[in-house]
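The numbering used here puts the sequence shown at residues 1 to 341.
A couple of the hints might just be wrong.
25 Å max Cα-Cα, derived PhoX-like pairs, lysine-lysine [to be verified]: (1) K43 to K111; (2) K116 to K172; (3) K99 to K24; (4) K177 to K116; (5) K20 to K55; (6) K240 to K188; (7) K71 to K43.
Simulated restraints on C-beta separations [to be verified]: (8) T103 to K286: 53 to 63 Å; (9) I77 to I193: 35 to 45 Å; (10) K286 to K321: 39 to 49 Å; (11) E215 to I77: 14 to 24 Å; (12) E215 to E276: 29 to 39 Å; (13) E279 to S163: 18 to 28 Å; (14) E144 to K286: 42 to 52 Å; (15) K116 to L94: 43 to 53 Å.
Simulated from the structure, these hints should not be mistaken for laboratory data.
Every residue gets a Cβ at the ideal spot worked out from N, C-alpha and C, and that includes glycine.
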Amino acid sequence: MSWQIAIDGPAGAGKSTIAKEVAKELGFEYVDTGAMYRAVTLKAMKLGINMEDEKEYSFLEDTEFDFRNHKIYLDNIDVSDDIRTLAVSNNVSLVSKFKYVRTILVHLQRKLANDKNVIMDGRDIGSVVLPNAFLKIFLNANVEERAKRRMSERVISNNNSLSYLETIEEIKVRDYKDSNREVSPLIKTSDAIEIDSSKLNVRTVVEMIISLVIERGYRMENLEKKSETIVEETVVEETKQEELVVEEKEAKKAAPKKAPKAKEAEAVVEETVVEEKQEELVVEEKEAKKAAPKKAPKAKEAEAVVEETVVEEKQEELAVKDKETAKKETVKSEKEDDVDD
């Protein structure tokens, strides 16, 4: 029996981030279904097909998807960054509305969940893909917070092409499309537990979900087996180490005794070798520091950039409103002067 966790929710609610962390904690396989639809969109754009024609997506029959280390591979090529562009975001809802596309991807997603414990996130996981999942989560957040998170992601990936207000509008449009499409619209199932992450950090949400998993008996039935496996592996490793120590002692006993001078000479040589290796390590460390690429902005720096952008845009809005108010007062004053005249 495989254990399945379904996480649904709108764009920018934090589904992927939360799902990855929960998967790590529980040892589950993480499957980003939204990334699969984005990958299909990316391939359709590269092929130059008529994206409005459902029949044009027959290329899916010869398309391969794979997940490795939280990255998605399309036909054995890592497209994790390529699928996050604005062009893909603007077209993914168009692609995902087709029944043919969804049928093929749902089949692949269920196949992934058959033989292993999985956690999937998307917009129809609990309602369509894994209707019998032992835990269903509907993760939500207000549109303003989701816009900030999306902008933070783009700053980190150097793809910050939209302003804060534009990002809000983009998310609103996406929400409408996802909730009103004919095939598998975004809905909260009656048995799903809703979590509003607007004012919660990632760790808090992860702990909430793991607590729910424990309540449903997963840890009692499965994590004990994992602990037993770890103990068994530890015992095997310790036994191997003990055997190596015994073999080393026996080898020393069997080795012919060397003259005192020879031993002293070997000791000097060994010390020299150790010193040379230490010097090499120091040189390598210095060279590595010089050659190391500059790191991308951290999440906090990205959030700071977003906050500054939001403040600047709001200041611009206020400035425009002040100008309009002043203009109206001037007009009003002129009219009063005309009346007085």
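Against the structure, the hints:
no.: 1; hint: K43 to K111; result: holds (22 Å)
no.: 2; hint: K116 to K172; result: violated (35 Å)
no.: 3; hint: K99 to K24; result: violated (32 Å)
no.: 4; hint: K177 to K116; result: violated (32 Å)
no.: 5; hint: K20 to K55; result: violated (34 Å)
no.: 6; hint: K240 to K188; result: violated (53 Å)
no.: 7; hint: K71 to K43; result: holds (17 Å)
no.: 8; hint: T103 to K286: 53 to 63 Å; result: holds (57 Å)
no.: 9; hint: I77 to I193: 35 to 45 Å; result: holds (37 Å)
no.: 10; hint: K286 to K321: 39 to 49 Å; result: violated (56 Å)
no.: 11; hint: E215 to I77: 14 to 24 Å; result: violated (41 Å)
no.: 12; hint: E215 to E276: 29 to 39 Å; result: violated (59 Å)
no.: 13; hint: E279 to S163: 18 to 28 Å; result: violated (53 Å)
no.: 14; hint: E144 to K286: 42 to 52 Å; result: holds (46 Å)
no.: 15; hint: K116 to L94: 43 to 53 Å; result: violated (32 Å)
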